[in-house]
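Chemist: Quick mapping for you: the protein sequence lines, in order, are chains A and B.
Throughout, my numbering is defined as the position within the first sequence, counted from one, plus 463.
Throughout, my numbering is defined as the position within the second sequence, counted from one, plus 148.
Keep in mind that the hints were calculated from the coordinates and are not lab data.
Keep in mind that the hints are not guaranteed to be accurate.
In the DSS-like style, the derived pairs of lysine-lysine whose C-alpha atoms are separated by at most 25 Å in a straight line are [stated by the list, open to error]:
no.	chain 1	residue 1	chain 2	residue 2
1	B	Lys260	A	Lys560
2	A	Lys541	B	Lys260
3	B	Lys248	B	Lys225
4	A	Lys479	A	Lys560
Derived DEER-like restraints, expressed as beta-carbon distance ranges [claimed, not checked]:
no.	chain 1	residue 1	chain 2	residue 2	range
5	A	Val468	B	Gly177	32 to 40 Å
6	B	Pro158	A	Gly548	44 to 52 Å
7	A	Arg527	B	Thr168	35 to 43 Å
8	B	Asn207	A	Gly491	21 to 29 Å
9	B	Thr168	A	Leu502	20 to 28 Å
10	B	Thr160	A	Glu515	30 to 38 Å
11	B	Gly157	A	Gly548	38 to 46 Å
12	B	Pro158	A	Lys478	42 to 50 Å
All values derive from a computational prediction rather than experimental measurement.
C-beta: ideal position from N, C-alpha, C; glycine also.
Spelled out, the chains give:
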Amino acid sequence: EAGVVQSPRYKIIEKKQPVAFWCNPISGHNTLYWYLQNLGQGPELLIRYENEEAVDDSQLPKDRFSAERLKGVDSTLKIQPAELGDSAVYLCASSSKGQYQGEQFFGPGTRLTVL
Amino acid sequence: GNSVTQMEGPVTLSEEAFLTINCTYTATGYPSLFWYVQYPGEGLQLLLKATKADDKGSNKGFEATYRKETTSFHLEKGSVQVSDSAVYFCALSDQSRAGKSTFGDGTTLTVKP
Numbered sequence: 464e465a466g467v468v469q470s471p472r473y474k475i476i477e478k479k480q481p482v483a484f485w486c487n488p489i490s491g492h493n494t495l496y497w498y499l500q501n502l503g504q505g506p507e508l509l510i511r512y513e514n515e516e517a518v519d520d521s522q523l524p525k526d527r528f529s530a531e532r533l534k535g536v537d538s539t540l541k542i543q544p545a546e547l548g549d550s551a552v553y554l555c556a557s558s559s560k561g562q563y564q565g566e567q568f569f570g571p572g573t574r575l576t577v578l
Numbered sequence: 149g150n151s152v153t154q155m156e157g158p159v160t161l162s163e164e165a166f167l168t169i170n171c172t173y174t175a176t177g178y179p180s181l182f183w184y185v186q187y188p189g190e191g192l193q194l195l196l197k198a199t200k201a202d203d204k205g206s207n208k209g210f211e212a213t214y215r216k217e218t219t220s221f222h223l224e225k226g227s228v229q230v231s232d233s234a235v236y237f238c239a240l241s242d243q244s245r246a247g248k249s250t251f252g253d254g255t256t257l258t259v260k261p
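Isolated chain A (complex conformation):
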């Protein structure tokens, strides 16, 4: 089966510009996660969706970050405006309630560089 798809793989922008990342989860997976991964660190959860509903967005900086998951399938994460400190890898993951407890399937990530 196809894995989690993310695009773009790399993005370079200037500070104060907007940027958007797209994620298509594994077919049938109702849970979708967006993580931030800084260099040398583990993933940190930004937001988790159960179908269309954002059930945990407590770590999402809502002044500049937004996310949506229309129709409960693919999802978009947006940053507006981007800051230098947003340079990182943005990971998308998905999981199914019927599978291994807590196991997540990750996409390759989008590496964002803010100049």
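With chain A fixed as given, assemble chain B onto it according to the hints.
Modeler: Leaving out everything else, chain B in the frame of chain A:
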């Protein structure tokens, strides 16, 4: 809150050497524990898991045992290969918090021929 602490890297070994990467955790309740591996240019992928105390997860020659008394989940492999070079992440999933996952900072392993 929950936390995961991994042995700091990087770790460099010769081929066929024994590997141990330490992982300890802090959590309320009874979390599930995982090791994920990230190869260069790829996303994290599940290596093995354990869902209750004394469970042993194993895959591709790697093993880890869920030790509740020491709150540990150390990763071991008896004989590493060059192809095992990657970043390894220990993680927990807290079912009491709706499956919220917490990851360690990762340990980079380099295996030299």
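Chemist: State for each hint whether it applies.
Modeler: Hints versus structure:
no.	hint	in the structure
1	B:Lys260 with A:Lys560	violated (40 Å)
2	A:Lys541 with B:Lys260	violated (41 Å)
3	B:Lys248 with B:Lys225	violated (28 Å)
4	A:Lys479 with A:Lys560	violated (39 Å)
5	A:Val468 with B:Gly177: 32 to 40 Å	holds (34 Å)
6	B:Pro158 with A:Gly548: 44 to 52 Å	violated (25 Å)
7	A:Arg527 with B:Thr168: 35 to 43 Å	holds (41 Å)
8	B:Asn207 with A:Gly491: 21 to 29 Å	holds (23 Å)
9	B:Thr168 with A:Leu502: 20 to 28 Å	holds (25 Å)
10	B:Thr160 with A:Glu515: 30 to 38 Å	violated (46 Å)
11	B:Gly157 with A:Gly548: 38 to 46 Å	violated (24 Å)
12	B:Pro158 with A:Lys478: 42 to 50 Å	violated (32 Å)
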